[in-house]
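Below, each chain spelled out in residue letters.
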Amino acid sequence: MTAAVASDAPMVYADRVSKSFGSNEVLKSISLTVPRGEVMCLVGPSGSGKSTFLRCINHLERVDAGRLSVDGVLVGYEERGDKLYELKPREAARQRRDIGMVFQRFNLFPHMTALENIVEAPIRVNKVKKDAAITHGRELLARVGLAEKEDAYPAHLSGGQQQRVAIARALAMEPKLMLFDEPTSALDPELVGEVLDVMKGLADSGMTMIVVTHEMGFAREVADQLVFMDGGVVVESGDPDEVLGNPQHQRTKAFLSKVL
Amino acid sequence: MSDSRRSVTPASVSPNGTDQAEAIRAIRLRHPWRNIVAVVLVAVLVLFIVDASQRDAYSWDNFAKFIFDKRISQAAGYTLLLTVYSMIIAIILGVTLAVMRLSDNPVVTGIAWLYLWVFRGTPVYVQLVFWGLFSTIYSTIDLGIPFAEPWLSLDTNAIISVFWLAVIGLALNESAYMAEIVRAGILSVDKGQDEAATALGMSWLQTMTRVVIPQAMRIIIPPTGNEVISMLKTTSLVAAVPFSFDLYGRSRDISAVIFDPIPLLLVASAWYLLFTSILMVGQYFLEKRFSRGVGQARPEKNDNATGTIPLVTGVIDTPRSEPDPGTDTDASGKEHR
Numbered sequence: 001m002t003a004a005v006a007s008d009a010p011m012v013y014a015d016r017v018s019k020s021f022g023s024n025e026v027l028k029s030i031s032l033t034v035p036r037g038e039v040m041c042l043v044g045p046s047g048s049g050k051s052t053f054l055r056c057i058n059h060l061e062r063v064d065a066g067r068l069s070v071d072g073v074l075v076g077y078e079e080r081g082d083k084l085y086e087l088k089p090r091e092a093a094r095q096r097r098d099i100g101m102v103f104q105r106f107n108l109f110p111h112m113t114a115l116e117n118i119v120e121a122p123i124r125v126n127k128v129k130k131d132a133a134i135t136h137g138r139e140l141l142a143r144v145g146l147a148e149k150e151d152a153y154p155a156h157l158s159g160g161q162q163q164r165v166a167i168a169r170a171l172a173m174e175p176k177l178m179l180f181d182e183p184t185s186a187l188d189p190e191l192v193g194e195v196l197d198v199m200k201g202l203a204d205s206g207m208t209m210i211v212v213t214h215e216m217g218f219a220r221e222v223a224d225q226l227v228f229m230d231g232g233v234v235v236e237s238g239d240p241d242e243v244l245g246n247p248q249h250q251r252t253k254a255f256l257s258k259v260l
Numbered sequence: 261m262s263d264s265r266r267s268v269t270p271a272s273v274s275p276n277g278t279d280q281a282e283a284i285r286a287i288r289l290r291h292p293w294r295n296i297v298a299v300v301l302v303a304v305l306v307l308f309i310v311d312a313s314q315r316d317a318y319s320w321d322n323f324a325k326f327i328f329d330k331r332i333s334q335a336a337g338y339t340l341l342l343t344v345y346s347m348i349i350a351i352i353l354g355v356t357l358a359v360m361r362l363s364d365n366p367v368v369t370g371i372a373w374l375y376l377w378v379f380r381g382t383p384v385y386v387q388l389v390f391w392g393l394f395s396t397i398y399s400t401i402d403l404g405i406p407f408a409e410p411w412l413s414l415d416t417n418a419i420i421s422v423f424w425l426a427v428i429g430l431a432l433n434e435s436a437y438m439a440e441i442v443r444a445g446i447l448s449v450d451k452g453q454d455e456a457a458t459a460l461g462m463s464w465l466q467t468m469t470r471v472v473i474p475q476a477m478r479i480i481i482p483p484t485g486n487e488v489i490s491m492l493k494t495t496s497l498v499a500a501v502p503f504s505f506d507l508y509g510r511s512r513d514i515s516a517v518i519f520d521p522i523p524l525l526l527v528a529s530a531w532y533l534l535f536t537s538i539l540m541v542g543q544y545f546l547e548k549r550f551s552r553g554v555g556q557a558r559p560e561k562n563d564n565a566t567g568t569i570p571l572v573t574g575v576i577d578t579p580r581s582e583p584d585p586g587t588d589t590d591a592s593g594k595e596h597r
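As they're listed, the protein sequences go chains A and B.
Residue 1 is where the first sequence starts when you use this note's numbering, and the numbers rise one by one after that.
Residue 261 is where the second sequence starts when you use this note's numbering, and the numbers rise one by one after that.
Worth flagging that the hints you see were computed from the coordinates, not collected in a lab.
Remember, predicted model here, so these are calculated numbers, not experimental data.
The beta-carbon is built from N, C-alpha and C at its ideal position, and this holds for glycine as well.
Heads up, a few of these hints could be off.
Unchecked claim - The following label-pair restraints were derived from C-beta to C-beta distances:
1. A/Ser18 - B/Val368: 24 to 34 Å
2. B/Pro483 - A/Glu148: 51 to 61 Å
3. A/Gly72 - B/Gly370: 38 to 48 Å
4. A/Glu148 - B/Lys548: 17 to 27 Å
5. B/Ser529 - A/Glu148: 34 to 44 Å
6. A/Tyr85 - B/Leu362: 23 to 33 Å
Stated by the list, open to error - Rough simulated footprint, nothing fancy, chain B against chain A, three-plus residues with beta-carbon under 8 Å:
7. 83 to 93
8. 104 to 110
Stated by the list, open to error - The following residues of chain A were derived to be distant from chain B, with all beta-carbon distances above 10 Å:
9. Gly47
10. Arg97
11. Lys130
12. Ala132
13. Val233
14. His249
15. Ala254
So here's chain A without its partners, still in its complex pose:
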């Protein structure tokens, strides 16, 4: 999609990834590939493991089995010889820098203004000069349509505005991959569009994105690949028009009949 095809490894490569919480197996042998510059939408009923899979990608959750790599690099572990070593917190943090994440409940830092939220990580983590970070932060705020809100605290912004600041905050780290965990599910219906617009713009700019969503219209329009998950397994995946328009599996049909 863009010229950024430097390495030939896919951006995200999951090979038979499993994950359990206690005796509850939430991911059962998930295999997925997200090529560079593409958008993948994850849909499915709640409890199907979509969010958990997303959180595994930036190692907020630990993978129990299988291999999960981002840009050719194993997530959370290091392979030396035939042994896997768990990464130190510092190394895990380094991996997360390149992966932006947007949460369902925004999780903006309430004691910082919109601009402070955005420049915090670039200054503290990437050691960007303060002036440069602020200039870049203002550009990002303008990009999400909130240029004049830089001094507003999150409590003074609507849900849609907060989520757009959260997207700008993730972009400030100049990630190569963006993860969206139900970014519009906590929003009032009339505020959903403004967030989806920003995400659409981001997709158009060539960002690799994985979006857990219930917005089928968005998925159909923006996604290169749509994955339907249920009960911790990938039930069906492929071109969004195909999956949404002509679902093959019974479970996909049942789910889509409820949400479409």
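Given chain A's structure and the hints, the job is docking chain B onto it.
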């Protein structure tokens, strides 16, 4: 949604509130008992003040003589120092203990719990007496390898003064309470904050100092202010160590000399009151500072939204399953990609 149940504002009525009902003008309800109680209370207070001003036992001349006595103001300085030093140590220790109690390591958690159990479970007065006997229990402080000849042996009395024993005694006791306050503050911060910071690649220390602790402060500061005020008053117990240059100790010494305890109690009380009043003002400003961004104005809806006020569509049950035709979610269409 049947049409018969819809109520529509008639076109003849102006919808934006120009046709308002007349304001209510009623006789206000009287509260005679409120007034009576107030008058009685004021009368009692005035009587008490007039009586106290003339009563010999208060000997106001001695109060006036000693309120700005140099020994008293010096003692007030010691009381302040005891308060400040012990609170600083208590806060640092308290944060450490709180982090220990939230640790994943069960031994660390257990030791923090044991500390709290001992220092919260015994009276501070008893602890201060213990610290006074510290040099009796440990006459020397030895540095070196255990069970071998020490490299350095220090005389306890020579290196720790009574003042610092008092500070240590107060601080260790207070740190147990501060630990619980800090722990409650940290636990009050939403887990999502920690996750957001982690996802941005921030380290544990950065997450704590930049994200969690500043938000926890809002919960921590009010009870900590109370603890400072409480500590200021608890310093009057340092006589147990025994340290006697604090405000209460000094005023008691003077009263023993002039055989007139009551005016000096008033002198000490006046100074304590002055300090607690100043602390209360300081606490007010600190609370204001750390409540930045919390619950002021309501968010403005639709302000500056990127043109997405949806038209009402027929699909009510799943309004978000299909993009509203009125939003540019759909309007931009597939041709984008």
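Hint check:
Taking the beta carbon of each, A/Ser18 and B/Val368 are about 32 Å apart, inside 24 to 34 Å as hinted. The supplied range of 51 to 61 Å is broken by B/Pro483 and A/Glu148, whose beta-carbon atoms lie about 39 Å from each other. Between A/Gly72 and B/Gly370 the beta carbon distance is about 44 Å. The supplied range of 38 to 48 Å therefore holds. The beta-carbon spacing between A/Glu148 and B/Lys548, approximately 26 Å, falls within the hinted interval of 17 to 27 Å.
At roughly 55 Å, the beta-carbon separation of B/Ser529 and A/Glu148 lies outside the given 34 to 44 Å, and the hint is violated. Look at A/Tyr85 against B/Leu362: about 27 Å separates their beta carbons, and that is inside 23 to 33 Å. A count of 3 residues in the segment 83 to 93 of chain A with a Cβ less than 8 Å from any Cβ of chain B is obtained; the coverage claim is therefore met, three being the minimum. For a cut-off of 8 Å, the count of residues in the segment 104 to 110 of chain A with a CB near a CB of chain B stands at 5, and the three-residue condition holds.
At the 10 Å boundary, the C-beta of A/Gly47 stays outside the reach of chain B, the nearest C-beta of that chain being 19 Å off. Not every CB of chain B is more than 10 Å from the CB of A/Arg97 (nearest about 4 Å), against its label as outside the interface. Every C-beta of chain B lies more than 10 Å from that of A/Lys130, the closest at about 14 Å, which supports listing it as non-interface. Every CB of chain B is more than 10 Å from the CB of A/Ala132 (nearest about 17 Å), matching its label as outside the interface.
Taking the minimum C-beta to C-beta distance to chain B, about 23 Å, the non-interface status of A/Val233 holds against the 10 Å cut. The beta carbon of A/His249 sits about 19 Å from the closest Cβ of chain B, which is more than 10 Å, so the claim that it is off the interface holds. Listed as a non-interface residue, A/Ala254 keeps its Cβ farther than 10 Å from every Cβ of chain B; the least gap is roughly 14 Å.
Consistency with the previously given hints fails for numbers 2, 5 and 10, ordered from lowest to highest.
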